[in-house]
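Using the sequences and the hints, build the whole thing.
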Amino acid sequence: MNKPSTLRRILTTDLPVLVIVFFAMAPFAWMILTSLTPTAVLNATGVSISPSGWSFDNYVRLIEQTSFLKNMLDSLIIAVGTVLVGLLVSVTGAYAFSRFRFAGRKAIMLQFLLINMFPIVLLILPLFVLFRKLNILDTHFALILANATAAIPFAVWMLTSYVGAIPKSLDEAAMTDGCSRLTALRRVVLPLMMPGIISTGIYIFITAWNEYLYALTLGGRNVRPVTVAIQTLIGEYQIEWGLLAAGAVVGALPATLLFLLVQRRLIGGLTQGAVKG
Amino acid sequence: MKLFRKLTLAVATAASLVFSPARAAETVRFWYHFDNPANPMSDLVAKFEKANPDIKIEAENVPWNSYYDNLYTALVGGNAPDAAMVKLFAQPRLAEMGALEPLGERIDAWPGKADLLDNLLELNKGADGQQYYLPIQYVVLYLYYRTDLFEAAGLKPPTTCEDFREAAIKLTKAPDTYGFGLRGGKGGWDQWGAFVFSKGAELKPGGLTTPQAVAANQWLIDLFQKDKVIPPSAPNDGFQEIIAAFKTGKTAMTIHHIGSSKDLVAALGDKVSAVPVPKCGGKQWTSYGDESLAIFSSSSVKDAAWKWISFLAEGENNVAFNTATGQMTVTKSGAANWKLHERRFVDATVQSLPFAHVLPQSSGTSEFVNTAWQTAMQQALTGQITSQQMMEQLNTLFAQ
Amino acid sequence: MSTIVSTPDVHKAKPFWQNQHFMPYWLLAPAVLVTAVIVFLPMVQAVFTSFYDLVLFKPNASRFVGFGNYIKLFNDPVFWTALWNTVIWIGLTVPLQMGLGLLTALLLNREFPWRGLARALVIIPWALPSVVIALMWRWIYDPNTGVLNDILLYLHVLQTAVPWLADPSVALYAIIATLTWQGFPFFAVMILAGLQGIPKSQYEAASIDGASAWRQFVHITLPGIGPVLATAGLLRVIWVANSMDVIFVMTGGGPGYATHTLPLYAFIKARQNLDFGYGTTIAVTFTLFLGAIVAVYLARTLREVER
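Order-wise, the sequence lines are chains A, B and C.
Each residue of the first sequence is one higher than the one before, counting from 1 in the UniProt record's numbering.
Each residue of the second sequence is one higher than the one before, counting from 1 in the UniProt record's numbering.
Each residue of the third sequence is one higher than the one before, counting from 1 in the UniProt record's numbering.
No lab work stands behind these hints: they were computed from the structure.
Given the structure is predicted, the values throughout are model-derived calculations rather than measurements.
Glycine included, C-beta positions come from ideal geometry on N, C-alpha and C.
Among the clues, some could well be false.
What the hints assert, rightly or not - Partial list, computed: chain B residues near chain A (C-beta under 10 Å):
no., residue
1, His33
2, Pro63
3, Ala74
4, Asp128
5, Thr325
6, Gln327
Stated by the list, open to error - Below 30 Å or equal to it, Euclidean Cα-Cα: the simulated BS3-like pairs (lysine-lysine) are:
no., chain 1, residue 1, chain 2, residue 2
7, B, Lys47, A, Lys133
8, C, Lys200, A, Lys168
9, B, Lys50, A, Lys70
10, B, Lys56, A, Lys70
11, C, Lys58, B, Lys87
12, B, Lys204, A, Lys133
13, A, Lys133, C, Lys58
14, C, Lys58, B, Lys204
15, A, Lys70, B, Lys47
16, C, Lys58, B, Lys302
What follows is the structure, given as structure tokens:
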């Protein structure tokens, strides 16, 4: 197969991608413009389109007047904690589901699905009472636990389908070479399921980062993630659009940067492993 | 099951619950919601803690749109704050839960009582005659209008419903300008009240289904459906939308309170002014928008909590508080020298006070305010139900 | 290469793993334990609550009513409206997200210079908090000050401004469009990861055989990502069905009941009106319906997932 010419690549790939990126970005670009327009101008004449009217006023206020950086840190601790706990538990779970056939397997898989079908709103109150009794309200641990629980079922299911795509012959071969189950999991299966782990990790990270209801109810004064902080900018009679937009832009950065960093690891995986194997 | 029993138990015995182990310094947990992100509360806290070194204030800014959800969850879950900012519509529910601490004796013994504006304590009284709420700020709804558009059309600000309709029709040049910005979404009942409660509708059994009440409601719906002097977006318009539409000149009149005057003046300058809401059917009715402070019966530091909330309702502290929220002070000393808002808006507010009302305190009112009015009004505006059906639907809330 | 693709027998006994019978259980124990305590038990309690008339601000008036709440629910016209809205909501949002996500993933899997950047930018809608998205789109849709009408009027697609969220016949679809925008990156990322599992050799072999791009897509790509697509689709159905925060901020369920979905109705009843008995009844009924749909879905596609 000969390489497609650059022009053809631009027409069939670059342009359509550009359209999709535009579709994804356009409302966000508006948000960036809003965040760059000082609040006084925003209230009087609306969003400033020309760069001459821009300033970082909203960002400065966001950092100076609100505790946004501390909120970011809270969110980061919770999101990273949730990813670690969630992945640790789900990778082993997914491995069990895809490599073993055991009594109760289907029932457990279905139970995982079932618990995600029930609207969270009605779980909040019992959970609040439970966490109060455990005395972990308003701690990072409480939110990591709650978020991880919400993410684990999905993560296990996603990972099971990724592990399922990895031929069993590979880890079986490793085991006949004398590796134990867990060594085979770590040395052979884990590297191969990297794209799945990365994408599931991103999923968990974003879910935990954007979670609001748990954060509001189970968090509080000491632990206050970005989503709650952003909500306080939406007042009864006033929305601080400038600060809100700045908060949203800054708040979306970690997930975007994280993805920029790890997206390379999405490639490789099986194709790479197969060559080695 | 166990939990279920615990839930009910937690409420019943809320008074006996103790949350945090007593420390050398007493800690008062306080919930509030603020539109001002700069959060000037920390200055007030610092001032209070300096004067009362043995009391520590943990003030928590809770997002407004989940404020009451969250408060009820905390109350039922047994982790309520000691004191909080609360509105009148929540009082019946909180009282029914047994969550409120009566404040009557403390208020009577408090030197600041004489400085409170007349009548405010009366308005704030619970349904059982007890005083649970300490007023902290207030607003009254009035009519904002565009002076330039009125002048261009040769109109005077309306004083009656008939004038109002006529002016709205003359000012409407669809789709560029509409006469009146109606809030058909959440919280719009207070605008609606100016046109419907004034004509005799009442929130009591049968009070909404009288022919006059249904006709008054029909009159307002007709402004939208027949006269088309209200933007088509009205059914989903909330506060943000009506203010934005008014600012951009999309609407020539709207009903709101002094809290938005700063923003409007920034956008429109002298082209905006205000008068009391028009007289409809010979009577005026406008909504008294309140904010009070309450202490919860579950608190173990009630004396410290009282020190803190009464501190916020005193002269200059209350002025500082209202400077942050953009509303009106509840103290006479503060009101005497009020510079926060342009005179014309303060005048419109003060002129509206004589006919400003609060809704009757029943649990039906909470549901009316929170969800029911909005749903019924939207259905009526979009022609899914008639005025009669809407009023009957709302009447069921007050049937018992 | 071909040995990698063909799956060996599932039930191959390996006698030298003594702990083989217990291993899956202790591998799963943490996940099961934590989900059981945090979600499953409260859920079981909720089922009990639904048999009670429990209004949180009337703690002393609560009483056992058996199936009373369920009878009330099935006679409640709002329930049926909300159910139908939920069906449209899931039925449109998930396929739209999946279609757009698939297209995006296929494009982002090609080689082009700014691929890394494009991949990162595309996930932005997914990385924004729901409340911000909802407010942003509420603003975009605003007929008086919003940009959407301005653009469409300018392009002469529309003659008059449309009150997108205030018109009961349009509002639900306007929110579905927003949710499609928010959720398609999820599918793009998941499918992108799934695409990496297809050995390049298969495409090479197919090219040599002269298969067209479309045939390659149908016969290699789709089967290759089948399990991921089936799982992601299933999980998304559940997630979308339950997500109500965007609806709540954009319309609050209105105008009227035009954008009420069942979880939103449960939320409004339980958290705003504090009617926990009835709210839980809605939630339990909804879970049963969703469970039935998922069961049908699983029966049809489990083989795909298990492949």
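Hints, one by one, checked against the model:
no.: 1; hint: His33; result: holds (7 Å)
no.: 2; hint: Pro63; result: holds (3 Å)
no.: 3; hint: Ala74; result: holds (8 Å)
no.: 4; hint: Asp128; result: violated (28 Å)
no.: 5; hint: Thr325; result: holds (9 Å)
no.: 6; hint: Gln327; result: holds (9 Å)
no.: 7; hint: B/Lys47 with A/Lys133; result: violated (35 Å)
no.: 8; hint: C/Lys200 with A/Lys168; result: holds (19 Å)
no.: 9; hint: B/Lys50 with A/Lys70; result: holds (26 Å)
no.: 10; hint: B/Lys56 with A/Lys70; result: holds (21 Å)
no.: 11; hint: C/Lys58 with B/Lys87; result: holds (19 Å)
no.: 12; hint: B/Lys204 with A/Lys133; result: violated (42 Å)
no.: 13; hint: A/Lys133 with C/Lys58; result: holds (24 Å)
no.: 14; hint: C/Lys58 with B/Lys204; result: holds (20 Å)
no.: 15; hint: A/Lys70 with B/Lys47; result: holds (24 Å)
no.: 16; hint: C/Lys58 with B/Lys302; result: holds (24 Å)
Taken one by one, the earlier hints fail for this structure at numbers 4, 7, 12, listed in ascending order.
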